[in-house]
Amino acid sequence: MRYVLFVVLIVSFTHSWGQELVSLPIEFKEIAYSHVSHLASFGTRNATSKGETETIRYIQDYFASLDLSTNIDTFEFQGYVAKDIQVLIDNRPIHFKTVFFNPYKDPDGLSGAVYLFNRTSGYKSIAPDSISNHIVIARERADVYGLYKYKPKAIVILGDADMALLDQKAQSCVIKPNGKVNTYKSYNIYSSLNHQEKEVLIGAHWDSFNGPGADDNASGVSVVLELARYFKQEKDNLPFNIKFVFFGAEELGLLGSQAYSQKHISDTSSVIYYFNVDCVGDTGSILADVNGGVTYKGQPAIYPVQLAATDLVNVKRPWHLSTELAYPEESNMPPWLQTIITQALESSDHKYSKLNGIGSDHRSFALNGFVAAHLGMDGKNVQHCPEDTMGQVNKNSLELAGRIVATVVMKTAERQKNTDL
Numbered sequence: 091m092r093y094v095l096f097v098v099l100i101v102s103f104t105h106s107w108g109q110e111l112v113s114l115p116i117e118f119k120e121i122a123y124s125h126v127s128h129l130a131s132f133g134t135r136n137a138t139s140k141g142e143t144e145t146i147r148y149i150q151d152y153f154a155s156l157d158l159s160t161n162i163d164t165f166e167f168q169g170y171v172a173k174d175i176q177v178l179i180d181n182r183p184i185h186f187k188t189v190f191f192n193p194y195k196d197p198d199g200l201s202g203a204v205y206l207f208n209r210t211s212g213y214k215s216i217a218p219d220s221i222s223n224h225i226v227i228a229r230e231r232a233d234v235y236g237l238y239k240y241k242p243k244a245i246v247i248l249g250d251a252d253m254a255l256l257d258q259k260a261q262s263c264v265i266k267p268n269g270k271v272n273t274y275k276s277y278n279i280y281s282s283l284n285h286q287e288k289e290v291l292i293g294a295h296w297d298s299f300n301g302p303g304a305d306d307n308a309s310g311v312s313v314v315l316e317l318a319r320y321f322k323q324e325k326d327n328l329p330f331n332i333k334f335v336f337f338g339a340e341e342l343g344l345l346g347s348q349a350y351s352q353k354h355i356s357d358t359s360s361v362i363y364y365f366n367v368d369c370v371g372d373t374g375s376i377l378a379d380v381n382g383g384v385t386y387k388g389q390p391a392i393y394p395v396q397l398a399a400t401d402l403v404n405v406k407r408p409w410h411l412s413t414e415l416a417y418p419e420e421s422n423m424p425p426w427l428q429t430i431i432t433q434a435l436e437s438s439d440h441k442y443s444k445l446n447g448i449g450s451d452h453r454s455f456a457l458n459g460f461v462a463a464h465l466g467m468d469g470k471n472v473q474h475c476p477e478d479t480m481g482q483v484n485k486n487s488l489e490l491a492g493r494i495v496a497t498v499v500m501k502t503a504e505r506q507k508n509t510d511l
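For the sequence shown, the numbering used here assigns the number 91 to the initial residue and increments by one for each residue that follows.
Hints are computed from structural coordinates only; laboratory data are not their basis. Each hint should be verified, as a subset may be incorrect.
Cross-link-like lysine-lysine pairs, in silico, DSS-like; alpha carbons within 30 Å at most [as the list claims (entries may be wrong)]:
#1 239 x 288
#2 241 x 259
#3 353 x 322
#4 195 x 270
#5 259 x 275
#6 444 x 239
#7 275 x 325
#8 239 x 266
#9 288 x 270
#10 501 x 239
#11 507 x 444
#12 275 x 195
#13 507 x 288
#14 241 x 288
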């Protein structure tokens, strides 16, 4: 999961709604866990990497074992590759882990006043003006992604040792990049149970960022793979098709899901909804976006920091804050679906949080007029770092995520049999 922005949190504890979650095969969690292990063993699965190639082959081979065919869409994107980057703090070179900046806006580098960010979570005490147009210096594993909305010039990540040595009164930072823009390819894979007119989409991104991505998002891929096996056995009970979709380049700005939802935008009338599964391996609260990132009808539907290419025509890049974009009204989630998802959450016997503003692939669908929902799990927040390993993934969490998604789909099937969706 790449971006978490403008979150509205409503915490609830479960109580009985008189509804049980769907029971999955006893081996579901074990096989799902083995999927995570295989995918994480490929290393960082970023776009264009060997890990991406191995992941694509793994997904295709698994669907072949289910006697289900796969389709693959290729999409191109442009990205900046730095041969080297020099960072100076108070005119002294410093060793860094990662630099986030917009090379399309500042190809020759940039400079600015320093803001030191040395925490793992929480933004309430931050004055937006203290970050806006500053260069943020943060320690490794700091929770920096929520800082994007304050529009810093750049974010520089230091190792803990280098952060400890840094003068806490540092005043200025200069970033000197040496690189160029290249064109790359990545892929989306999808497979369908049947060819009925109406369909539900269930999907996950396979790429990872700065680590093996066991939780983010091998966990989501593994759950969707096993749901494919489950629903293949249930397809005669479904009055619609289920399409399983896997995206590349999510970590670069939701690029795969943008490409897929734009290419298949003519399908909006036949798609009942898209259900996104991202980071479901940890043991914290269930995180559910039941509005698809879209506000209720009659209210403004704005995503203030949608990634878009506005500075350089036809270039999609990994980090950029753009102007506000409105969601189409068609993407507002209908009340009946909100109710079904909420009832499934209530029946989970697990603490959950309803969120509005999770930045994952369901946003791409919502922006293109699809109804979209999201499911994740809170936890240790080790995404986007080398520590996102198998130790962060719990088998029971994988099963719980699968049961929630399966319950929502089966309840949707019951409703369609009795009503006209």
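Pair hint residue 507 and residue 288, alpha-carbon separation not exceeding 30 Å: Satisfied, since the Cα-Cα distance of roughly 12 Å is no more than 30 Å.
Holds or violated: residue 501 to residue 239, with C-alpha atoms at most 30 Å apart: 37 Å, violated
Proposed proximity, residue 275 with residue 259 (alpha carbon, max 30 Å): Violated. Residue 259 to residue 275 sits at ~43 Å, over the 30 Å cutoff.
Restraint status (C-alpha distance of residue 288 to residue 270 at most 30 Å): Violated. Residue 288 to residue 270 sits at ~44 Å, over the 30 Å cutoff.
30 Å limit on alpha-carbon distance, applied to hinted pair residue 241 and residue 259: 22 Å, holds
Satisfaction of hint between residue 195 and residue 275, Cα-Cα up to 30 Å: 23 Å, holds
Hint consistency between residue 239 and residue 266 [alpha-carbon to alpha-carbon, up to 30 Å]: OK: residue 239 and residue 266 at ~24 Å, within 30 Å.
Hint consistency between residue 241 and residue 288 [alpha-carbon to alpha-carbon, up to 30 Å]: 41 Å, violated
Restraint check for residue 444 with residue 239, where alpha carbons must lie at most 30 Å apart: The given pair, whose Cα atoms are some 21 Å apart, holds under the 30 Å limit.
Given pair status - residue 288, residue 239, alpha carbons within 30 Å: Violated - the C-alpha atoms of residue 288 and residue 239 are around 37 Å apart, more than 30 Å.
30 Å Cα cutoff - pair residue 195, residue 270: 13 Å, holds
Given hint residue 322 paired with residue 353 - CA-CA distance at most 30 Å: Satisfied, since the Cα-Cα distance of roughly 26 Å is no more than 30 Å.
In this structure, the hints that do not hold are numbers 1, 5, 7, 9, 10, 14, in rising order.
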